[in-house]
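Trainee: Letter by letter, the chains look like this.
There are 2 protein chains.
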Amino acid sequence: MVSLNDVAKTAHVSKMTVSRVLTHPELVSLEIQKDVQQAILELGYVQNRAGRALANKRHYNIAFVLLDDIAEIEPYYAHLLIHLTDALRHHGYTLEVRHDREFDLTNVDAFLVSGARRTDVEALHLPVPVVIYGMEPGLISVDSDNAVGTAMATEYLINHGFEHILYLGLAINEPFALNRETGYRQTMLRYGLPIEAYELPNNEAAATELIGLIAPNPGTGIVTATDRLALGALRASQALGLTFPNEIGIIGFDGIYIHKLSSPTLTTVQQPLGVIANTMVKLLMAQLNGETVSSKLITPTLVIGNSTP
Amino acid sequence: MVSLNDVAKTAHVSKMTVSRVLTHPELVSLEIQKDVQQAILELGYVQNRAGRALANKRHYNIAFVLLDDIAEIEPYYAHLLIHLTDALRHHGYTLEVRHDREFDLTNVDAFLVSGARRTDVEALHLPVPVVIYGMEPGLISVDSDNAVGTAMATEYLINHGFEHILYLGLAINEPFALNRETGYRQTMLRYGLPIEAYELPNNEAAATELIGLIAPNPGTGIVTATDRLALGALRASQALGLTFPNEIGIIGFDGIYIHKLSSPTLTTVQQPLGVIANTMVKLLMAQLNGETVSSKLITPTLVIGNSTP
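These protein sequence lines map, in sequence, to chains A and B. Heads up: the first sequence begins at 1 in the UniProt record's numbering, then just goes up one per residue. Heads up: the second sequence begins at 1 in the UniProt record's numbering, then just goes up one per residue.
Just chain A, same shape as in the assembly (with noise of 0.2 Å):
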């Protein structure tokens, strides 16, 4: 393993200097900075983290905070993990899994947060960044535009010539579940068609069993706040003996697995999760190196499959 005297000694400077080049370059002339940089890369020396951050008191690593149980991960968070863990990659940052609600400030410069809910924004205010993917006021929050989605979802129904449109909701009192609502209703409200909304648990049978109660007639459309709940309303419409695409349109929101599982595939509103976790990670940067930023709401994207026309 290359060690700092390594460098110092094939650059032709004091340990001293090697230090100062990695910690404090302005205190460094340009030509002693590029010999040492030069002698770094030929003998590919990686800095011993652990005495860096005693110099610099930066770690280098972010803590990334599950907050849900168990039970309620949603299985994407595989793939937001996954694109978080590629982007602070790039910016020279380990990241760190923690499922506890303690917020330990060893080791870490910084925190993303996931399934925060009102009731941990307190908690989260905190003496370093952090940033949520989610939507709540007072922490720097990304996410995809709820409200934007729903809404999309509907005008599509509304332009295939669905006018009878349910929306299937979720029945929490978090602002992603109020703005998706808020999407469905706003757009309903625009073209002057009335609104049918109901608040259910994420869960398949819960939408089956409404759909079943409810027993559309030909000709409508639902929009709903997850693939789940559109995935429990395909079922109860096929038993009530509804084609897709034309006789019932149901529209689901996620996009990530649920979507291309079901027959037929779910029409749905995509979360970006790659950028959504990019954003992430850029704001947090942002915030390390001192900079004021702001929250984010990214567009998400209709996917068509064959649950609408």
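Hints in this document: simulated from the structure, not taken from any laboratory. Be aware that a few hints might be false.
Facing chain A, a subset of chain B residues (Cβ under 10 Å, in silico) [what the hints assert, rightly or not]: (1) 77; (2) 208; (3) 263.
DSS-like, lysine-lysine: derived pairs with alpha carbons at most 25 Å apart [what the hints assert, rightly or not]: (4) B:57 x A:57; (5) A:296 x A:282; (6) B:260 x A:260; (7) B:57 x B:282; (8) B:15 x A:57; (9) B:15 x B:34; (10) B:282 x B:260; (11) A:57 x A:282; (12) A:15 x B:57.
It should be emphasised that the depicted structure is a prediction, and the values quoted were computed from it without experimental measurement. For each residue, glycine too, the CB sits at the ideal point set by N, CA and C.
Chain A is fixed; fit chain B onto it per the hints.
Mentor: Using the frame of chain A, we list chain B on its own:
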């Protein structure tokens, strides 16, 4: 923040003594150990891990390396990751996520790896402990007992009256895929029943197409290598007008979330991710303590759904 100096003052000892209690307690009297530990508890002192790392050469950090491409990432990796995070935390270790093939030793004491294939085995012979989720000769491996899993599935169908039983497997030259097929083959041989095994890519459409072509008669059972394949087979069976659970019986493999999304729900061989994760961590900690360990196969569980009697 509480410093080592504060602990020393509270315990009426030198800083050197406090440090020794933390790293070489065997060199310090029991009475002084107790005084120092009491002071640590009272003050809530947390060791600066970077400092401790340089002293012990142990980083108390494990890297979990996902070798899969993002398109192949199984959604249940999120569950595995959470289980690993929780298990490592009990041992006082943090979990770093990596998505590259460099196996950089910087700041990690050991590796947990997922998605390793035969071609990765050589690169995984590292100077630190490695445990993989999977089964590769030459590496300490933890996996579901794949052969036992499909054997249980096959025997279940036989015991419920199915004699014509097909196997839908994976066209992958890896131990897990070969072992799942072996479990079916050996059980059929044991019962004197004819083997009919197919190998497909791991997606629902391939299974749907195959079963559509085969057009099995009522009384046929299907054992599959994954829930994805089972889902595809289930769709084709429904399209052929076969009814569950008696005209056709289908059993999948994985049991993380797909089995619950299908209609009817799938009977499946469930991988015990929690036990797998805990076992991986246990073997890793043992190796870090200098013990010799061996690979472990964990018996999966047959979870009965509505796709079989």
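Trainee: Each hint should be assessed against the structure and marked as holding or not.
Mentor: The hints, checked one at a time:
{"no.": "1", "hint": "77", "verdict": "4 Å, holds"}
{"no.": "2", "hint": "208", "verdict": "8 Å, holds"}
{"no.": "3", "hint": "263", "verdict": "5 Å, holds"}
{"no.": "4", "hint": "B:57 x A:57", "verdict": "19 Å, holds"}
{"no.": "5", "hint": "A:296 x A:282", "verdict": "11 Å, holds"}
{"no.": "6", "hint": "B:260 x A:260", "verdict": "15 Å, holds"}
{"no.": "7", "hint": "B:57 x B:282", "verdict": "21 Å, holds"}
{"no.": "8", "hint": "B:15 x A:57", "verdict": "22 Å, holds"}
{"no.": "9", "hint": "B:15 x B:34", "verdict": "15 Å, holds"}
{"no.": "10", "hint": "B:282 x B:260", "verdict": "30 Å, violated"}
{"no.": "11", "hint": "A:57 x A:282", "verdict": "21 Å, holds"}
{"no.": "12", "hint": "A:15 x B:57", "verdict": "21 Å, holds"}
Checked against the numbered hints given earlier, the structure breaks only hint 10 and satisfies all the rest.
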